[in-house]
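Using the sequences and the hints given, assemble the complete structure.
Going line by line, the protein sequences match chains L and V. The first sequence runs 28 to 140 under this note's numbering. The second sequence runs 3 to 115 under this note's numbering.
It should be emphasised that the hints constitute simulated quantities derived from the structure, not laboratory data. Please read these numbers as outputs of a predicted model, since none were measured by experiment. Certain hints may be false.
[As the list claims (entries may be wrong)] Among chain V residues calculated to face chain L with C-beta under 7 angstroms, some are:
#1 LEU45
#2 PHE106
#3 ASP108
[Stated by the list, open to error] With a straight-line Cα cutoff of 27 angstroms, these simulated DSSO-like cross-link-like pairs (lysine-lysine) come out:
#4 L:LYS132 to L:LYS85
#5 L:LYS76 to L:LYS96
#6 L:LYS69 to L:LYS95
#7 L:LYS76 to V:LYS15
#8 V:LYS3 to L:LYS69
#9 L:LYS132 to L:LYS76
#10 L:LYS95 to L:LYS85
#11 L:LYS76 to V:LYS3
#12 L:LYS132 to L:LYS69
#13 V:LYS59 to L:LYS69
#14 L:LYS76 to L:LYS95
#15 L:LYS85 to V:LYS3
#16 L:LYS132 to L:LYS95
#17 V:LYS59 to V:LYS15
#18 L:LYS69 to L:LYS96
#19 V:LYS3 to L:LYS132
#20 L:LYS95 to V:LYS15
#21 L:LYS96 to L:LYS85
We put the CB at the ideal spot given by N, CA and C, even for glycine.
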Amino acid sequence: AQSVTQLDSHVSVSEGTPVLLRCNYSSSYSPSLFWYVQHPNKGLQLLLKYTSAATLVKGINGFEAEFKKSETSFHLTKPSAHMSDAAEYFCVVSGSGYSTLTFGKGTMLLVSP
Amino acid sequence: KAGVTQTPRYLIKTRGQQVTLSCSPISGHRSVSWYQQTPGQGLQFLFEYFSETQRNKGNFPGRFSGRQFSNSRSEMNVSTLELGDSALYLCASSSTGADQPQHFGDGTRLSIL
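As structure tokens, then:
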């Protein structure tokens, strides 16, 4: 089975400070990993994806994530938070033996002025 | 290019009724997946349709059903509505399948009274 654990349900940062959202995964196959963002009353938007080409993946809006196989982690980072980054973030895994995506429970990012 | 369109955006129904939700995928996308999102259970996969055939199914009762038309538009039906069916229902499309990056609509918010 494959699974995703987002280690924090809520993360609070101040505008201009770094963001770290943590994700661990479990997969019997070489996984593909994604991060999505969801703003209130909206659907999910793809931030970035890892598909084994490079371990450091750059996404939209200044976000990036590093795939660490030894730690089975795929943490999302951003050097400097903006107010517009306040949203819920989902870590997602897909493996070659599975035909659907598995979503984490989500991390709510709160950004204060 | 138009995104994924879901209609209606909001619905209010009472227990025992049935409801049909509609989803128009991105032009050229043949895979349409449906998800249920609730605060308690998070994002759960309902089913996927590809070229008018149900290809994958999540762990939901038979009251939840769907179909896909030749133009790739999809509908989801829920019969004998229960209070627990209150949720945001998200539709997503991709060119190849439910295990690939998905493009999401903004969802239909279903409230059961």
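Each hint, compared with the structure:
Of the supplied interface hints, the one on V:LEU45 holds, with its beta-carbon coming within about 4 angstroms of a beta-carbon of chain L, less than 7 angstroms. Look at V:PHE106: its Cβ gets to within about 3 angstroms of chain L, closer than 7 angstroms, so that hint holds up. This hint holds: V:ASP108 has a C-beta 5 angstroms from the nearest C-beta of chain L, less than the 7 angstroms allowed. Restraint check for L:LYS132 and L:LYS85: the C-alpha separation of about 23 angstroms stays at or below 27 angstroms, so the hint holds.
A threshold of 27 angstroms between alpha carbons decides the hint, and for L:LYS76 with L:LYS96 the separation of about 15 angstroms falls inside it, so the pair holds. The straight-line distance between the Cα atoms of L:LYS69 and L:LYS95 is roughly 30 angstroms, outside the 27 angstroms bound, and the hint therefore fails. Between the alpha carbons of L:LYS76 and V:LYS15 the distance comes to roughly 38 angstroms, so the proposed pair goes past 27 angstroms and is violated. In summary, the hint linking V:LYS3 to L:LYS69 is supported, as the alpha carbons are separated by about 18 angstroms, within the 27 angstroms threshold.
Distance check on the hinted pair: L:LYS132 and L:LYS76 sit about 18 angstroms apart at the alpha-carbon level, within 27 angstroms; holds. Restraint check for L:LYS95 and L:LYS85: the C-alpha separation of about 15 angstroms stays at or below 27 angstroms, so the hint holds. For the proposed pair L:LYS76 and V:LYS3, the alpha carbon gap of about 21 angstroms is at most 27 angstroms, so the pair holds. About 17 angstroms separates the Cα atoms of L:LYS132 and L:LYS69, which keeps this hinted pair within 27 angstroms; it holds.
Proximity of V:LYS59 to L:LYS69 is assessed by CA-CA distance (about 24 angstroms); at most 27 angstroms being required, the pair is judged to hold. Between the alpha carbons of L:LYS76 and L:LYS95 the distance comes to roughly 14 angstroms, so the proposed pair stays at or under 27 angstroms and holds. Annotation: proposed proximity of L:LYS85 to V:LYS3 holds, straight-line Cα distance about 24 angstroms (limit 27 angstroms). About 20 angstroms separates the Cα atoms of L:LYS132 and L:LYS95, which keeps this hinted pair within 27 angstroms; it holds.
Of the pairs offered as hints, the one joining V:LYS59 and V:LYS15 holds, with about 25 angstroms between alpha carbons and a cut-off of 27 angstroms not exceeded. With a C-alpha separation of about 32 angstroms, the suggested pair L:LYS69 and L:LYS96 falls outside the 27 angstroms cut-off, and the hint is violated. Among the hinted pairs, V:LYS3 with L:LYS132 is inconsistent with the structure: their alpha-carbon atoms are about 30 angstroms apart, more than 27 angstroms. Among the hinted pairs, L:LYS95 with V:LYS15 is inconsistent with the structure: their alpha-carbon atoms are about 46 angstroms apart, more than 27 angstroms.
Simply put, L:LYS96 and L:LYS85 have alpha-carbon atoms about 17 angstroms apart, close enough for the 27 angstroms limit, and the pair holds.
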